[in-house]
Amino acid sequence: MNNYKKWIPWLLLVVILLVYPLVFSSVYTNLFIRFAIFAVFAASLNLLLSFTGLLSFGHAMFFGIGAYATALSLDHIDQLGLFTSIGIGAAAGALLALIVSPILVRVKDTAFALLTLALGQLLFVACIKLRRITYGEDGVGGFPIPSLDIPGGISIDMVQPANFYYFAVAVCGLGLWLMWYTTRTPFGSVMAGIRDNADRVNYLGFNIPLSKTIMFLISGFFAGMAGAVYALFQNLVSPDGVFHVMNSFTAIMMVFVGGIGTFIGPIVGAGVMTGLEEMAVRNTDKIFLINGLLLITVVMFFRSGFVGLYNLAKDKWFSK
Amino acid sequence: MGILETKGLCHHFDGMEVLTQVNLNIRDGERHAIIGPNGAGKTTLFNVITGTYTAKEGRVFFKGLDVTKTKPFKLTRMGLGRSFQITSTFQKQTAYENIRLAALSKQKIRYDLLRRTDTLKRVAEETDEILHQINLYDERHELASNLSYGKQRSLEMGMAIGTNPDLLMFDEPTAGMSKEETHAAVQLILKLTEGKSMVIVEHDMDVVFTLADRVTVLHHGQILATDKPDVIKSDERVKSAYLGDTEV
Amino acid sequence: MSPTTFILISQGIHGISYGMLLFLVASGLSMIFGLMDILNLSHAYLFMLAAYFCYSIATMTNFWVALIVAPVIIAIIGIIMERYLIKKIHPFGHIPEMVLTVGIGMVLLEVVKSIWGTQSLMVGAPDLLKGFVPIGFLKYPNYRLFVIGFTVVVLVAMIQLFNKTRFGTIVRAATTNAGMVGALGINVPLIFTLFFGFGTWLAGLAGVVVAPLLSVFPGLADQIGLDAFVVVVLGGLGSLWGAFVAAILIGLLNAYGIQFIPTVAPLITFGLMVIVLSLKPTGLFGERQ
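Chains as they are written, first to last, in the working numbering: chain A, 484 to 803; chain B, 43 to 290; chain C, 554 to 842.
These aren't lab readings, by the way, just hints derived from the structure by calculation.
There is no bait here: all hints are sound.
The calculated lysine-lysine pairs, modelled on BS3-like cross-linking and capped at a C-alpha distance of 30 Å, are:
no.: 1; chain 1: A; residue 1: 591; chain 2: C; residue 2: 640
no.: 2; chain 1: B; residue 1: 134; chain 2: C; residue 2: 641
no.: 3; chain 1: B; residue 1: 134; chain 2: C; residue 2: 640
no.: 4; chain 1: B; residue 1: 150; chain 2: A; residue 2: 591
Only chain A is shown next, with the shape it has when bound in the complex (with noise of 0.2 Å):
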């Protein structure tokens, strides 16, 4: 009875995503869309920031890459599956995080911080430089979307806005529950060990360079993912889009106003900065005060975030 109650709240959320494009019209769903590509771009941030203790200032390189890695290939092969083309993203954002860890691994704190700043912009200059692989500045857009095929030959068409909303929302929540799972592994605790402690985890026998390097691949993998959900979407990437430092700044921003030190944290994060985001230009162009403002107004007086404001509120009104 008891497992059949812990059921309802995930079912009811299903309920909602179906319904929700149904409801809404696809400004929203677009809105919903970008919500849970941020979500996943976040959360992967997230796994190294509260559960490794390592802030990236780079991140946006791992999204980018994938974003190209997925636009470009749509550009050049000819019927490409859609699951391909998302597996070569997240590939590319993991194999970009194999070929910085050796340089990562040794670093911590604000050195960590710092060359990850560089490396992003060391990617962000190469991808506007490199103008006969990535076209510049302009960007690669215009590539063909591919359809979800179905074995039996149904084939789903993922330009419409509603068939494409079930698909990116579908794969954005795997993508959170499986971020969601690693922590929840052995590994994923011996992640936390390193984060508090580092030098016992070592006493303790685990080879602590090979598990953030494992921890870097996991995290490049899905804002890998992240950025291809994003090239399919905005069937348009540029440098600007999503490889600018910005980028990395906005998942850095999620996951603080969400709340760091928790999972559910970058998601509600997200939730906050996108619609904020939006509200914003509709009203104002500084959205730079806006956000700035926000990050000064968490960090001094709300460090947990949203979720620690519901903790708190909870245990005001509703405890006892």
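Could you slot chains B and C onto chain A? The hints should help.
Only chains B and C this time, still in chain A's reference frame:
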């Protein structure tokens, strides 16, 4: 050959000689204490053996294998466990989670991404067993940071034995403890190291003479004597080493 | 003089003057990190704000007034930032602190855009420094030589300040043992706040000096700021000497890079940083992370 041996071990920091030609021999199954006045190089010796520092000269052998340059995580896998002088637990995690990580290591579950940690039965059983041994079972869901100092030290020891090492190395396990706490800690150490080899660096002479089968006295980075506790007690050189330095 | 020698010399001076400018920006950042353990990511935005102040003040009065006044205003802003924001977050570690200063940077950027707009603004070199110096066949702008000379003067003054004055002695002592210095009756938090102000004052100085050299626009912080960060990290966080060497190195590499390998030149800065850090994570002259 003993379980742990050092041959001609030398170490210095910025030209300051800290260890000079240290030849240590720990026999299989014995409890061995390293004592000496402040600044004798005890902690440095401890850190060189456990791989925190790499010896500038000389060799360290563990179970007959040269481990001079072996990294800490490999030493642990070979069967060496250590505790830290300054409590080194996972403060933001529960006592249970602290010990569980050691149990995972013992089971060689290191990069498992497929199963959930809380569904692993054997890990849970072993974690509980260790928690019972260190008398922390009732407080297993407390955060490490909320435990009393004495209990944090017990947790520290629990993690050291959690990987089931053959040789345990304790760095001043009773430092900062009250008399009662010290007594309890000594009893715990005796229980935990049953049938294992142990090296303990210690200041408290009562603790040393209760625990140790043999004692090594370190003075100015050199071994002054290694012998049974009563022989050491009456050794004139040891007395003058301690009396020469004002600190005991 | 052959054309190649001509290019080598003129780009060399270009590189050194740019390097000197980078050093001015980086020195404050590096010292604040080295002595106070604060990584102020809004430093480059304070530098940009100073360049805008220079534009406004120089338009109303002249460059020399701007050189005195603008850095002081920046230092006051820095002091307020440290006193009311950063100091309260410092105990929670580097991560919230870095995020906080990123937030401050964003606010400063929007403030600059609101007040001065997004177009490029030109600040003329002061009359005294207009014109060119002939070096062989080459005519070199006076102002660039002034930047080099000015930075050298600042560097020497800083070394004197640290080694010869009471303020320098107290700051050095307070960073190694705050408790002891506090026990001697010195207000250590005040010293730190003032020192933070001094570091931002240097950013202000750099901002004023840069205005006649480049145009003033909202991308200035990102453009120069990122290079300055690379300088600080490359030289080793906290090492003033390291920052100086790295600044000159980056300045020269940039100048020659643009001349000889223009397509990959923008990659040099970050590429070099990545290479150095992968070989020595603490930077060229740094001892800690």
